[in-house]
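Q: Residue numbers (the working numbering), protein chains in the order written: chain A, 1 to 491; chain B, 1 to 491.
Note that these hints are calculated values from the structure, not bench results.
In this text, all values refer to a predicted model and were calculated from it rather than measured experimentally.
A pair holds if it fits inside one copy or across any two, identical chains being indistinguishable in the list.
Under the rule of at most 30 Å between Cα atoms (straight-line distance), these lysine-lysine pairs were calculated in the BS3-like manner:
#1 K347 x K324
#2 K382 x K309
#3 K77 x K249
#4 K136 x K4
#5 K258 x K309
#6 K324 x K54
#7 K57 x K258
#8 K335 x K321
One-letter residues, chain by chain:
Number of protein chains: 2
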Amino acid sequence: MAKKLISREENYSQWYNEIVIRADLAENSAVRGSMVIKPYGYAIWERMQAELDKMFKETGHENAYFPLFIPKSFFSKEAAHVAGFAKECAVVTHYRLKDDGKGGVMVDPDAKLEEELIVRPTSETIIWDTYRKWVKSWRDLPILVNQWANVVRWEMRTRLFLRTAEFLWQEGHTAHATKDEALVEARQMLDVYTTFAQNYMATPVLRGVKTENERFAGALETYCIEALMQDGKALQAGTSHFLGQNFAKAFDVKYLSKENKQEYVWATSWGVSTRLMGALIMTHSDDQGLVLPPKLAPFQVVIVPIYRKGEEMEMTIAKGKEIKAQLERVGIRVKLDDRDTQKPGFKFAEWELKGVPLRIAIGPRDIQNNTVEMARRDTLTKEFIPMEGLQDKVLNLMDEIQDSLYNRALKFREENTSEANTWDEFKDIIANKGGFVMAHWDGTSETENRIKDETKASIRSIPLDYDESEEGKCIFSGKPSKGRVVFAKAY
Amino acid sequence: MAKKLISREENYSQWYNEIVIRADLAENSAVRGSMVIKPYGYAIWERMQAELDKMFKETGHENAYFPLFIPKSFFSKEAAHVAGFAKECAVVTHYRLKDDGKGGVMVDPDAKLEEELIVRPTSETIIWDTYRKWVKSWRDLPILVNQWANVVRWEMRTRLFLRTAEFLWQEGHTAHATKDEALVEARQMLDVYTTFAQNYMATPVLRGVKTENERFAGALETYCIEALMQDGKALQAGTSHFLGQNFAKAFDVKYLSKENKQEYVWATSWGVSTRLMGALIMTHSDDQGLVLPPKLAPFQVVIVPIYRKGEEMEMTIAKGKEIKAQLERVGIRVKLDDRDTQKPGFKFAEWELKGVPLRIAIGPRDIQNNTVEMARRDTLTKEFIPMEGLQDKVLNLMDEIQDSLYNRALKFREENTSEANTWDEFKDIIANKGGFVMAHWDGTSETENRIKDETKASIRSIPLDYDESEEGKCIFSGKPSKGRVVFAKAY
Chain A
1 MAKKLISREE
11 NYSQWYNEIV
21 IRADLAENSA
31 VRGSMVIKPY
41 GYAIWERMQA
51 ELDKMFKETG
61 HENAYFPLFI
71 PKSFFSKEAA
81 HVAGFAKECA
91 VVTHYRLKDD
101 GKGGVMVDPD
111 AKLEEELIVR
121 PTSETIIWDT
131 YRKWVKSWRD
141 LPILVNQWAN
151 VVRWEMRTRL
161 FLRTAEFLWQ
171 EGHTAHATKD
181 EALVEARQML
191 DVYTTFAQNY
201 MATPVLRGVK
211 TENERFAGAL
221 ETYCIEALMQ
231 DGKALQAGTS
241 HFLGQNFAKA
251 FDVKYLSKEN
261 KQEYVWATSW
271 GVSTRLMGAL
281 IMTHSDDQGL
291 VLPPKLAPFQ
301 VVIVPIYRKG
311 EEMEMTIAKG
321 KEIKAQLERV
331 GIRVKLDDRD
341 TQKPGFKFAE
351 WELKGVPLRI
361 AIGPRDIQNN
371 TVEMARRDTL
381 TKEFIPMEGL
391 QDKVLNLMDE
401 IQDSLYNRAL
411 KFREENTSEA
421 NTWDEFKDII
431 ANKGGFVMAH
441 WDGTSETENR
451 IKDETKASIR
461 SIPLDYDESE
471 EGKCIFSGKP
481 SKGRVVFAKA
491 Y
Chain B
1 MAKKLISREE
11 NYSQWYNEIV
21 IRADLAENSA
31 VRGSMVIKPY
41 GYAIWERMQA
51 ELDKMFKETG
61 HENAYFPLFI
71 PKSFFSKEAA
81 HVAGFAKECA
91 VVTHYRLKDD
101 GKGGVMVDPD
111 AKLEEELIVR
121 PTSETIIWDT
131 YRKWVKSWRD
141 LPILVNQWAN
151 VVRWEMRTRL
161 FLRTAEFLWQ
171 EGHTAHATKD
181 EALVEARQML
191 DVYTTFAQNY
201 MATPVLRGVK
211 TENERFAGAL
221 ETYCIEALMQ
231 DGKALQAGTS
241 HFLGQNFAKA
251 FDVKYLSKEN
261 KQEYVWATSW
271 GVSTRLMGAL
281 IMTHSDDQGL
291 VLPPKLAPFQ
301 VVIVPIYRKG
311 EEMEMTIAKG
321 KEIKAQLERV
331 GIRVKLDDRD
341 TQKPGFKFAE
351 WELKGVPLRI
361 AIGPRDIQNN
371 TVEMARRDTL
381 TKEFIPMEGL
391 QDKVLNLMDE
401 IQDSLYNRAL
411 KFREENTSEA
421 NTWDEFKDII
431 ANKGGFVMAH
441 WDGTSETENR
451 IKDETKASIR
461 SIPLDYDESE
471 EGKCIFSGKP
481 SKGRVVFAKA
491 Y
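Go ahead and model the full structure; you've got the sequences and the hints to work with.
A: Encoded structure:
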């Protein structure tokens, strides 16, 4: 039997790493900071992609693909943007290798690029350079484009899924005739992300606006969703930016309006990444391993036949196939684990570690009784249920587990959201309890930075759904505040 | 009215470029040799991806993701592989930019990598470095993995879709316990590609084996499918490689067999890329523009309402919506072009250029008569047909058009496949008629190279489906030949 996971209590960070590795989600590669996403992990990501892609298309977006490489000079065109990304850019300087005469290869010094190319950390610059060619008149607007791509940000401290040098994501880039339309788009995509997080990932998220400090490099406004992990730390799960006319001005993208005037175009961009995998893992998993919401689980049900070799084996596997076919007919994703190389106990532990929502075991006695043994991953409870009506039972359980995971996570967040009204109270909560802390802030970057320096807690957002009408005094400076903001330590 | 395309007759190469640009498939970017795939082009690629992905999964493969960057030293480990790819590698040497003090940015010389990273031109090396960790015993085999990814090969002369510095593709990488199993896999994937090309792209392909000269760098055997374009040139549409134990030996990937012996693992890799877009365009399109097979068309039917403003507009658009809903109920992809900013003639030309298989026009008279006007893109024929039974009619036409495109392309290929029995005959056909030329060859690289030098025709493959039993004499050297091979000029 494989060794148990370390518990969350004992070492949360190691627990996370062990789940990622042992549930076959991802692993480190030979390239510093770059991960390999393994088939089981990738299957979850594919389900996320499929659902998000559907939602993007339903809101009128189309996919396209832009170059991986961005000419270095493009980065200087938007001042805030380059300041934000310059320190973490992978740079291509040469385009050829040659024999080094020692059995290896070396970079060919004769193949130096005139202008270095940056491996995209995000694609605003190359895309707005392209949009200049696409936009002439108001008839060409809006442009509602999304791209599924890999990006590279040279992070110094990396963690699987949460922070990697290369990651997979989608980046939407839209162009609009008016400021209002762009603002509506940015908010709409925040709603799409919220719906996805809550309905598919079963992860409650807090919607808000970033402070100037935490804004995307080049944005006028960054909307975000923040989720709370089980260790009381926040994780930014998605962002949607209102970019104003910054990139249109940097890349000279104008359109002829209905009124026959040349106007700069308004922009948004928005993205979520494989980081969502980290959020998913840390929201639901327990000391037995991964827990997956049914809507994103590659297998929603695993069937394990229990037998002694011979006739029992044939009979239970045949029954397993029958149940599999029956469940698949109503759209359930089923794995029949009929490996003859592993014992049932091993299989139980493996699928528990991999977070399959429901396990069905069938032995000869079950066949006789016309029942199956069913185990729920979320509650770790078991029951015998009759074969008759199994389809409906499983379909209902899918919904029930999905809802129950969401409600459990919501309850956790509610229990771990506090109000702080004094500086001492604030420090105490951040240091001891963790979680989201709603507190008054005077609105200055200076105060925000000093609070972060002293407590490691940052302002996650100025929340959109929290009562903003309440005025008060900044917990740190005592100066007037227009409403509470959300503080937390964050990933 | 927009200007007509140049004709194939007049300038085939320009005709191709004009279709790619004007049908909104792709365009050149600011980065040398890298293209932007526009939404309409990307929608076709997405359909290709979806169908291929389904076929890969049906044959037991899973998707995964491996790093974009490959340490330089990995390339030296397989001698033939590095020789094949070293000359076209983009190399990352630095990981940071800094302010250049002149309002721009420069590469930070303090941020030089100890070992340079290669942007993957293909992923055998990084994947086999990973497989070493995944494989211990025969129980871990086979590994049947595919990756959808971008790759970079620094081509000096590029053409949209056909040859670009960065392109999108899938690369399958499988690991097997035995040579036979790997050979069966390589052949199976060639069959998958063949089925896809013929059934979805409506493109007939010739299946064969590459000569040593044309083999993938690191393969023992390269299987390929070759399609014939309308200008008589061949296009390699997909390859599947039997890699033997080359990469297992280079990366020390061994397994413990059932007989308790350490054995090297056997490998295959196989891929198709956005190059298929080029094949699709050049197989079917005509002087009016793109022609798409219904199975890959983003829109299979476009509906254009014909009206004078006012009541007619309302009425014809309402009817258009009704027909759209009706067709969508049976799974047909429909675009209703209700733009009020363009005239019907403009719309007709646009959708013709974009290759939509069927166009339905509805005017007030049609509504009165309970008919529609239907135009087929492949034959450019029109007919009035009754509204009643429209669904079935359209469904049938989808199959008919799909088949008819395939048969037309097959007929073209048959008419442009010749046998040559003397050197003069061979040169004459290559220079004047083009197409596939079946001729005897003595089996040596020397002869192959000399024929290529003199005529620009290369051996596309030793065909699998052509009668190989016929012996003869090499058209160039007169030496004995075991069977005919396929020569052609190629993209």
